[in-house]
Amino acid sequence: MPHRFADQLSAYLDDELDLPRRRRLEAHLAECADCSALLADLRAIVAAAPGYSGRGPSRDLWSDIERRLDEPEVVPIGPALRPSGGPTVRRFSLPQLIAASLVMAALGGGATWLVSHGKPSDRPTVQLSDLAVRVPDSTKTVAYAESQYDSAVHDLEQLLAAGRSRLDTATVRTVEQSLQKIDTAIAEARAAIQRDPANGYLSRQIAANMRRKLNLLRAATNAIAART
Amino acid sequence: MQALRAVTHADLDRDDVALAAAGDHDAFERLYRRHVPRVTSLATWLLDTGETDDAVQEVFIRVWQKLHTFAGQSSFTTWLHRVAVNLMLRRRQRLGIARKRHHDDETMLGELSAPVERPDLRVAIERAVALLPNGAREVFVLHDMEGYKHHEIAELLEVDPGTSRSQLHRARLLLRQQLAS
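Just so you know, the protein sequences line up as chains A and B, in that order. Start counting the first sequence at 324; every next residue gets the next number (the working numbering). Start counting the second sequence at 1103; every next residue gets the next number (the working numbering).
Not one of these hints is a red herring.
Which residues of chain A face chain B? A few of them, derived with a C-beta cut under 10 angstroms, are:
| no. | residue |
| --- | --- |
| 1 | ALA334 |
| 2 | LEU336 |
| 3 | PRO380 |
| 4 | SER381 |
| 5 | THR494 |
| 6 | ALA542 |
| 7 | ASN545 |
To spell it out: a stretch of chain A is covered by chain B in this simulated footprint if at least three of its residues, at any positions, have a beta carbon under 8 angstroms from a beta carbon of chain B; those stretches are:
| no. | stretch |
| --- | --- |
| 8 | 361 to 374 |
| 9 | 386 to 393 |
| 10 | 496 to 505 |
If you are wondering where the hints come from, they were derived from the structure by calculation, not from laboratory data. Note that the structure is predicted; figures quoted are calculated from it, not measured. Virtual Cβ for every residue (Gly too), placed ideally from N, Cα, C.
All chains should be modelled from the sequences, with the hints used to inform the complete structure.
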């Protein structure tokens, strides 16, 4: 039979009882073997629950997942950008897409820098509202975005160089090899786009690889910070 | 002399997250293989059975897209599970899944008898959770297995925090009963 205190046992385990109720319950537990046994069982369940191992899916999903990894992410356009006539897709020019991508990536990199250095006043700040104003002027935006990107990459490369001894050798080697591959891919795409400036695929490749480089540097410096 | 220490899952995750964020599919596959069992169980417990595979795919694709936002302040597991829970609950809302009550038998609460003495308790709990009534199961999964607080669960499931507390207690009692039988 449940005792009148049994309903409070979960709250007791979760430390949610106020002091008077807690004391009354503890006095009862000292006398009641049933409630003490129940409490011990509930405690065992609560302790074991987070360690569940899980079970695999009905089939291996990896090949389906991998096929979709590099599909462009669908970003819904907010109501402010949507004409009143109904849902339509807003199209941006490629320079605008690259610029927006780089500004967002550089903002992320800047955030890492700020966390690491803790001197926000030393750094230029960029508001999202600035981005919205700048996007229509694609030439200025690209130049601005590239300077932000270069600055963020420079900061992160310095952090990586200073903290590389905190990472294991295999990780450093993998990161450096990946950075080299990304730089090569960017350089090749830049050379190719000189010959074919209207090639959208190359523009997207450049933007994606610049973003990858920044993400890799951020992840590596985060790993250094976590091991400091 | 520098002390050697075992490489943990968290270490492996940290390195693979760094590589995957840079576009390395192999590193992301390693993350997938390490974490897919628990994400699958979450989907099984929070969604209808037919939704599991799609939901698991959706979680890992979303995680891939958001990897660059993972700042490493929590463990990757914690971050991944937060993303998974949010996506699964949103998916449920989106699909308007009617939650059926599988074993909502109040008489199960009647007897609180034998003590729980099982060496394979974790495995046993995992199996028994699937048999809980929906409301109790969701709260137990979120609170005791995933570490959410009652006020967070109340927000996620759109219930009162008091309901979350009572469902949790109910779930624990039912589990105790099932494990003792």
